[in-house]
Each structure stands twice: as structure tokens, then as C-alpha cells.
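Q: Numbered by the numbering used here, the letters in the sequence shown go through residues 14 to 238 in order.
For the record, the hints were derived by calculation from the structure and aren't laboratory data. Take the hints with a grain of salt, since some may be wrong.
Here are the simulated SDA-like pairs of lysine to any residue, each with C-alpha atoms no more than 25 Å apart in a straight line [what the hints assert, rightly or not]:
1) K169 / L86
2) K189 / P223
3) K189 / R204
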Amino acid sequence: MLAEHGLTADDLQTPPDLPLDPVEAESYLAAGQVRERLTMNCSGKHTAMLAVCVRNGWDTASYLDPAHPLQRLVHQVVEEAAGEPVASVGTDGCGAPLMAIGLVGLARAFRSFVLAAPGTAERRVADAMRAHPEYVAGTRRPDTWLMREVPGTLSKMGAEAVQAVALADGRALAFKIDDGATRALGPVLARVLELLGVDAPVVSRIGRAPLLGGSAEVGGVRAAF
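Sequences are here, hints too, so could you generate the full structure?
A: Below you can see the structure in the form of C-alpha cells.
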């Protein structure tokens with residue numbers, strides 16, 4: 014995508030990082046490679062932002078400035094999808110402006126993508142996520158498993174233990190683990206999916222969160238609702 018728009022990895026303003034997947038990160042280091050902007054897990058999002066800038070003739074050097082036309086457009090789209098105003102704008106770990114909305118708004122946004130009419134931008138995004146979930150979350154994460162095994166589902170985990178899911182029928186959920194740790198995310202997600210009547214082997218797989226003492230399993234995290 015970068016090359017298609019006359020760009021290179023040097024145009025990305027993501028911080029240099031290793032691949033998010035621990036297995037891939039280990040392989041990366043074993044091969045003698047170093048942290049790069051392109052392997053930071055938000056590089057795809059930044060590439061899309063830069064592509065929009067090129068197509069609209071906007072400056073690419075300042076694409077992360079909240080006052081940039083791109084970020085004003087992102088702000089507008091987030092508000093429209095969430096059905097509520099952005100409460101505040103911070104800065105994400107990847108350097109991009111971060112739009113604060115409520116959990117209901119986040120669930121509403123996911124629902125809007127699932128129910129979007131064919132041919133719309135929202136529907137194209139949803140269809141792409143469902144057709145290629147490995148580009149959303151790699152191959153070893155619950156988001157990918159869910160989208161592969163539960164037809165029509167959209168799923169995305171965010172930083173600080175945020176999770177949003179929309180089912181094919183438009184039912185949607187969003188939640189956040191207060192302490193930002195992901196250890197309880199799978200059990201909570203699995204329990205909510207059970208309550209929604211999602212009957213698929215992947216649900217129990219996601220819900221398992223064993224705790225180890227040395228190399229032995231000594232307990233686990235489970236949802237208590």
C-alpha cells in the first residue's frame with residue numbers, strides 16, 4: 014500500500030517496534046532484525062491514513078496533527094459511527110490522535126459496520142475484516158478465531174483491555190477491563206458470547222485463561238456473572 018501511493022516506510026510516524034505476536038517477535042530477533050516502524054502493530058492504520066492523505070492531496074508529514082484535515086475527518090467519522098460526540102482527544106501509543114467515546118458508542122459503531130448497506134465504505138471495511146481476519150489480529154488471537162469461526166462477526170481488541178464485537182444480526186457489545194490487563198478479557202468475552210447464545214467451539218477456547226505456578230497450572234481466571 015505504501016508503494017502504491019508513492020510512499021515508503023520512512024513516511025510512517027509509528028514508533029519502531031517488534032511484531033506484536035510473541036512468536037513472530039522471537040523469530041524476528043533470532044533472524045538478527047531490529048525494531049522497525051513497519052513492524053509496529055499500528056503500521057497498517059498509519060499506512061491507511063497516509064494513503065488517504067495522498068489521494069486527497071494533503072500533507073503527509075503532519076498527518077498526526079489533530080488539526081490536520083485527515084484527523085478532522087477521522088474525528089467526524091468516529092462521531093457519526095458512535096452516535097455521540099468525542100469527549101476528548103488524547104494521543105495513542107502509536108502517536109495518532111485518540112478519540113474518547115463511551116462503551117455504548119463503541120458498540121454502536123461496530124453495529125453500524127455490520128448492518129451497513131452493501132457498497133458503502135462501512136460495509137467494505139466490515140467485509141474486508143471478515144474476509145481477512147488475519148490482517149486484523151494475526152493468526153494467534155481471539156479476534157481472528159472469532160471472525161473465522163462465527164460467520165458475519167466483527168471483533169477487535171484494543172489497547173488497555175478494550176474489546177468490541179458485533180454479531181451478524183446486529184447485536185453488539187463493548188467492554189473494558191478496568192486495570193487495563195488482558196488476562197480477564199478472554200473469560201469475560203466468552204461469558205458474554207455465551208449469554209448471547211453464541212454456540213461455537215471457539216467460545217470455550219477464548220474463555221480459557223489458566224494461571225501457572227512454574228510450569229504447572231495452579232488456577233485460572235473466570236467470569237463471575
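Q: Now tell me, hint by hint, if it's right for this structure.
A: Quick rundown of the hints versus the structure:
Annotation: proposed proximity of K169 to L86 holds, straight-line Cα distance about 22 Å (limit 25 Å). This hinted pair checks out: K189 and P223 have alpha carbons roughly 20 Å apart, not beyond 25 Å. Distance hint between K189 and R204 is fulfilled; the C-alpha atoms sit about 14 Å from each other, no more than 25 Å.
In the structure shown, no violation is registered for any of the earlier numbered hints.
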